[in-house]
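Using the sequences and the hints given, assemble the complete structure.
Spelled out, the chains give:
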Amino acid sequence: MERILFGDNQFFGINHSSDEKARNQTIRFQENEAIMDVLDIAIDEGINTFMCTTHDRIGAICNTIRNDEKYKNFNIYPCMPYAHKYSNAVTELGYVGTIKQFVPGNIFSTFAKGGMAFMKKDFNELARLMIDAEMKMFNGIKTPVIWIQNIITDLLLGLGMTDFLVTYYNHIKEKHQAEPGFITMNLPLLLDTLEKAGIENPIVCASINKIGFRMPGGIKKYEEVIAQKRCRLVAMQVLAAGSVPPKEAFDYVCSLEGVESILFGASSRKNIRQSKSIIDSHSVLA
Amino acid sequence: MMRAGIIGLGKMGISHCAILGAHPNVNLVTVCDNSSLVIEAFKKHTNFQCYTDFKKMIAEMNLDCIVIASPTKFHTEMVHFALDNSLHVFCEKPFALNAKDAEILADKAEQKKLVNQVGYHNRFLGTFLELKMLLEMNVLGDLYHFSGESYGPVVLKEKGGTWRSQKGQGGGCLYDYASHTIDLIHFVLGKPVKVAGTQLKNIFSKDVEDAVYSNLTLSNGLTGQLSVNWSDDTHRKMNTQITVLGKKGKIIADVTEVKIFLKEENKLFDLKKGWTIKCLTELTNNVDYYLRGEEYSSQIDHFIKCIDNSQTTNNSSFRSASYTDQLISKLIIDNK
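If you're matching them up, the sequences are chains A and B in order.
Everything in the first sequence is counted per my numbering, starting at 135 for the first residue and increasing by one.
Everything in the second sequence is counted per my numbering, starting at 670 for the first residue and increasing by one.
Simulated from the structure, these hints should not be mistaken for laboratory data.
Note that beta-carbon positions come from the ideal geometry of N, C-alpha and C, so glycine has one too.
Among the hints, erroneous ones may be present.
Within a straight-line C-alpha distance of at most 25 Å, the following computed DSS-like cross-link-like pairs (lysine-lysine) qualify [as the list claims (entries may be wrong)]:
id	chain 1	residue 1	chain 2	residue 2
1	A	K219	B	K826
2	B	K713	A	K381
3	A	K330	B	K713
4	B	K713	B	K724
5	B	K870	B	K724
6	B	K713	A	K234
7	A	K404	A	K344
8	A	K234	B	K906
Now the stretches of chain A that chain B is said to cover, found in silico as 3 or more residues with beta-carbon under 8 Å [as the list claims (entries may be wrong)]:
id	stretch
9	141-154
10	189-202
The following block contains the structure:
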């Protein structure tokens, strides 16, 4: 993985510090060209990996990237699923209705009348079908790491459904020939759980910031676990939703030896350049 | 370790299940749902004892407490049964379809000294707690108006076939969305007692309302407005905001920040003349397990702590939830 990964929250009105800022971003990025413009700036500044959720609009971004020679060295790290899509569908349509809507070709026709019985017999196969459906939009694009979103990772952790995490891990490796990554808000618990299930040194992305925001169990516990180097770690929420100034924020995360990559999103050349140069300055020293 | 069970494995039930499953002081032993698809998945992939009959589950599993997250129309019967079996009860919102039932359940839980809580998670959110504290400290002086708003993208076209789209089952924007807003107004400002000029609007749904607009009067005399719409695509997810206006200024609070405008500096609370913005990051304490917002873990923590400390005063009790149910009834009558 590259040292810097470029995130996508800013494009989709996701802002953990202000709903108002989120709305302004939604307005600014309502045309896909506006997203491409910022991606081009990021590439121009030397960032070649875009980590993004499987939002419908990413499909259009993929179409642009797929057909243009200038993106041939550009990587996308998909993060699946875009949870609100499913969550709203469950409220409106129920579980079966949601599966009908999102599994391609519709599982009920794919497996003829045995759809329901099939689902009950093999939930792992259903999970694999849903992963494949989410991956469709990335056909023909380099996706060397494929992530499962924290809401799903952490839900499965809490439920004790570790076997689905293993299914995901194996399916990404075997079918999609990529490295599986786990996004989590519960880093210590995830590592303990995956190791018990026989998954060693996984790729993991977790909140890591100077003020301990969204680091359950506390910053001390996190620092201990990070220092043990039990995973290939990507730090996210480094700025803690804007509460830590960039220099301080990146200085902190760059000082942690167990952190391999840093994820951040930005909308302007100035901010992209500033963040990258702070991170690079540490890498030179190292 | 206390033994816990869950009835109802819809979205909220599964979320509670994960939070309880990861809780250090709880042994979640059993789940119950009448969907064969869901219960089959739990049978195959978890260690919980799985039931489709909640009475059988409660009779057999020797529980200390239970989380009820079934469709609203089942709450009354299930909560009665759980209380009769001396279980501490956490029930999802809205509490009961019939406000009278809600009151009877609150009486019963209080008489039996059982911990009772309803899942109004906004009561555990850092920003709204800050708003409540600032208002209690009279930072805005005499209040003259409030507005409580919730918007989100749930029903965006004309279709839908779950219990939420059927009349009389606790679906609809009023029960699902507006109950949160009403409860939050009660929590931070005071108990709403009167309604006027209510409009329940169908936008896409045939049998239930998609938007709720009304004027509320609180028991302390303050008046304000309620505006809730779950067919609003301009929001990515449910967005709740409370705005309070007083003689000394104004506060706007939502799930991410508290924006305070004061005409004069307030030294005691370190608030400037003009705007002060406080973000969730500075108003939130870490939880032991994070799933989807600290408030979801915090409300369950609170429920468990109330049981551990055998204290029965709860921050989101059946009693307070019964007032929300009463107000919902008033809104329905006022709309007619």
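Hints, one by one, checked against the model:
no., hint, verdict
1, A/K219 - B/K826, "holds (14 Å)"
2, B/K713 - A/K381, "violated (49 Å)"
3, A/K330 - B/K713, "holds (19 Å)"
4, B/K713 - B/K724, "holds (22 Å)"
5, B/K870 - B/K724, "violated (38 Å)"
6, B/K713 - A/K234, "holds (22 Å)"
7, A/K404 - A/K344, "holds (23 Å)"
8, A/K234 - B/K906, "holds (22 Å)"
9, 141-154, "holds (count 8)"
10, 189-202, "violated (count 0)"
Checked against the numbered hints above, the structure violates hints 2, 5 and 10; every other hint is satisfied.
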